[in-house]
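> Please model the entire structure based on the sequences and the hints provided.
Each chain, written out:
There are 2 protein chains.
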Amino acid sequence: MPVGTLGTVKGISPTQLQETDAQMILGNTFHLHLQPGELIVQEAGGLHKFMGWNGPILTDSGGFQVFSLAKLNKIDDHGVSFRNPRDGSHIELTPERAIEIQMCLGADVAMAFDQCPPYPATENDVLDASRRTNNWLERCISAHKKTDQALFGIIQGGCFAKLREENAKFVSSFDLPGFAIGGVSVGEPTNEMHKIVRQIAPLLPENRPRYLMGIGTLQEMAIAVANGIDLFDCVLPTRLGRHGTALVGGERWNLRNACFRNDHKPLDQTCSCETCKNHTRAYLHHLIRSEELLGLTLLSLHNITNLIRFTSAMRQAIIEGCFSEDFAPWDSASKAHHTWYRL
Amino acid sequence: MPVGTLGTVKGISPTQLQETDAQMILGNTFHLHLQPGELIVQEAGGLHKFMGWNGPILTDSGGFQVFSLAKLNKIDDHGVSFRNPRDGSHIELTPERAIEIQMCLGADVAMAFDQCPPYPATENDVLDASRRTNNWLERCISAHKKTDQALFGIIQGGCFAKLREENAKFVSSFDLPGFAIGGVSVGEPTNEMHKIVRQIAPLLPENRPRYLMGIGTLQEMAIAVANGIDLFDCVLPTRLGRHGTALVGGERWNLRNACFRNDHKPLDQTCSCETCKNHTRAYLHHLIRSEELLGLTLLSLHNITNLIRFTSAMRQAIIEGCFSEDFAPWDSASKAHHTWYRL
Chain A
204 MPVGTLGTVK GISPTQLQET DAQMILGNTF HLHLQPGELI VQEAGGLHKF
254 MGWNGPILTD SGGFQVFSLA KLNKIDDHGV SFRNPRDGSH IELTPERAIE
304 IQMCLGADVA MAFDQCPPYP ATENDVLDAS RRTNNWLERC ISAHKKTDQA
354 LFGIIQGGCF AKLREENAKF VSSFDLPGFA IGGVSVGEPT NEMHKIVRQI
404 APLLPENRPR YLMGIGTLQE MAIAVANGID LFDCVLPTRL GRHGTALVGG
454 ERWNLRNACF RNDHKPLDQT CSCETCKNHT RAYLHHLIRS EELLGLTLLS
504 LHNITNLIRF TSAMRQAIIE GCFSEDFAPW DSASKAHHTW YRL
Chain B
204 MPVGTLGTVK GISPTQLQET DAQMILGNTF HLHLQPGELI VQEAGGLHKF
254 MGWNGPILTD SGGFQVFSLA KLNKIDDHGV SFRNPRDGSH IELTPERAIE
304 IQMCLGADVA MAFDQCPPYP ATENDVLDAS RRTNNWLERC ISAHKKTDQA
354 LFGIIQGGCF AKLREENAKF VSSFDLPGFA IGGVSVGEPT NEMHKIVRQI
404 APLLPENRPR YLMGIGTLQE MAIAVANGID LFDCVLPTRL GRHGTALVGG
454 ERWNLRNACF RNDHKPLDQT CSCETCKNHT RAYLHHLIRS EELLGLTLLS
504 LHNITNLIRF TSAMRQAIIE GCFSEDFAPW DSASKAHHTW YRL
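Going down the list, the protein sequences come from chains A and B. 204 is the number of the first residue of the first sequence in the working numbering; add one for each residue after it. 204 is the number of the first residue of the second sequence in the working numbering; add one for each residue after it.
I should point out that these hints are in silico values taken from the structure, not numbers from a laboratory. Keep in mind the model is a prediction, meaning the values are calculated, not measured. Hints may contain errors.
Just so you know, same-sequence chains aren't split out, so a pair can sit in one copy or run between any two.
As the list claims (entries may be wrong) - The list that follows gives simulated cross-link-like pairs (lysine to aspartate or glutamate, EDC-like), each with its CA atoms no further than 20 angstroms apart: (1) Lys-468 - Glu-454; (2) Lys-468 - Glu-246; (3) Lys-480 - Glu-246; (4) Lys-213 - Glu-494; (5) Lys-252 - Asp-466.
In structure tokens:
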């Protein structure tokens, strides 16, 4: 899922996004609550109509942002209160309120309101956050009344295997349409994240989508998919694009570098996105050097295409029985090399 | 002609630009010489290939920018020398050099190198600039060797009717494929500009396109067309778009205004551009308020569409015999009202 924080995948129009073959995208409950406010979105007929995106949308619950971005005033079993970073006003978020906001936004998938502990955190703090997340899940399920919207549960537990396992069992005990592993990509070492995925993914119901939140790089996604993860969200392709970096196969190219100044080849000769069909590395280098908006748009567009192409290649390789954790189909030595050139 | 200063109409991809029905666009010789340099563009196969625009392109000569943007060191009959605003280095521009650069850029139309006097200026200063522009035109014609590129002459003369007339006669005495009125939109009152257009346009060859440089608003274009002008360039639609302003019919709407916060109608209900087909005023208001790149792109896209639609409506009204200087087809009292709704 490309990330559309404020009801827009940054710098890309819905028409352009469609051409990347992106399917589901993500909207941020916390940000959309602050601006324009969920009532404006509801009045517009929901987030799909508001932003002009006909494909599926998932909204996060705001939990992650409350704990990472906001100046907290108070947190207890009832909920969280914090200062609005835009105007300093007081905002309270509870499981019931987070669900109410998400019902107004009207995405296809809503997420349970969770407490995401930072990394590092003591086992006691993570235990508190996990218990609270579990209690809040029950309240979210009770509050959620929108029958055409799925509600996914979130498993916390930090880097503590025992807590993770307990939480996974608790959350899986509810008959929910999907399950997410949260509290990852919060600063923990990559191998800790891989450990969590390897441990928890197999504990989740096989017939329900499994969502690894806030991940990630192509390599991380391949490892996660090999362990049974189905769904990801990440700002990486658009954030890198806005900084002048292109994802080409498994590499990252800084288009600002002088070596691209007179390189008149298409950005990625194996890619069929609008950027690669119509534009050269020299042109993109020129746009980035000139700080032209179009450079950011064209690189973001290509990066999303590269990511979606990678996930499509993984799906194809799984079907064909040539998928593995070190999936790198652009490598001519890879068994799945042929899938890359067909996509 | 939408303006693509640095080889990009700001914020809009060539694919999006095509959908506005724009035909010819403008590139800036001065800016492209500084970055990326005309040799890079030539290596790429010319400006069309470099920027991925298949339609016609006109490049200005750099004269206007040299006199308005650069720190001049010296100006004499030979040419101009100035400091590169990017790195302080010394650059010399002569008629021969300006033509050489434009031949490298390879646009469909090149412009003669002219001296554009500021407003106000004394009659003596304008006389000097006019004589120099005329001498430079002869040198440009001699230097121009690219047979698949048209060279247009430029008429200067400031706000002095006698000088304008002399210049128009001199420039028209050459069998050039097109003629431009320069030295307008440099700060003179609008009625002075209209006087120049009314006086000079009828003096130019009837069977050659007449180009009014740096104009303008819809009203100014209608007056100019009524007096026989065919071609315009203006940064207005994209500059307004980047500042959150939409051209709707003959009005300018600041989308930042609170009145649009919950206005869920399409931006312009009579327009069929991507922005108006897919997005509401409330969404655009939200994007502008959130400083999202997409807001600037969508407004620029609509503004260019509005401008091109206006010029198409003028053409249609001329054919149907219902065109006049006060052309405002969005007005239901206008005789040409029906043309607006068909376009």
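> Hint by hint, work out which the structure violates, then give me just those numbers in ascending order.
Violated hints: none; all satisfied.
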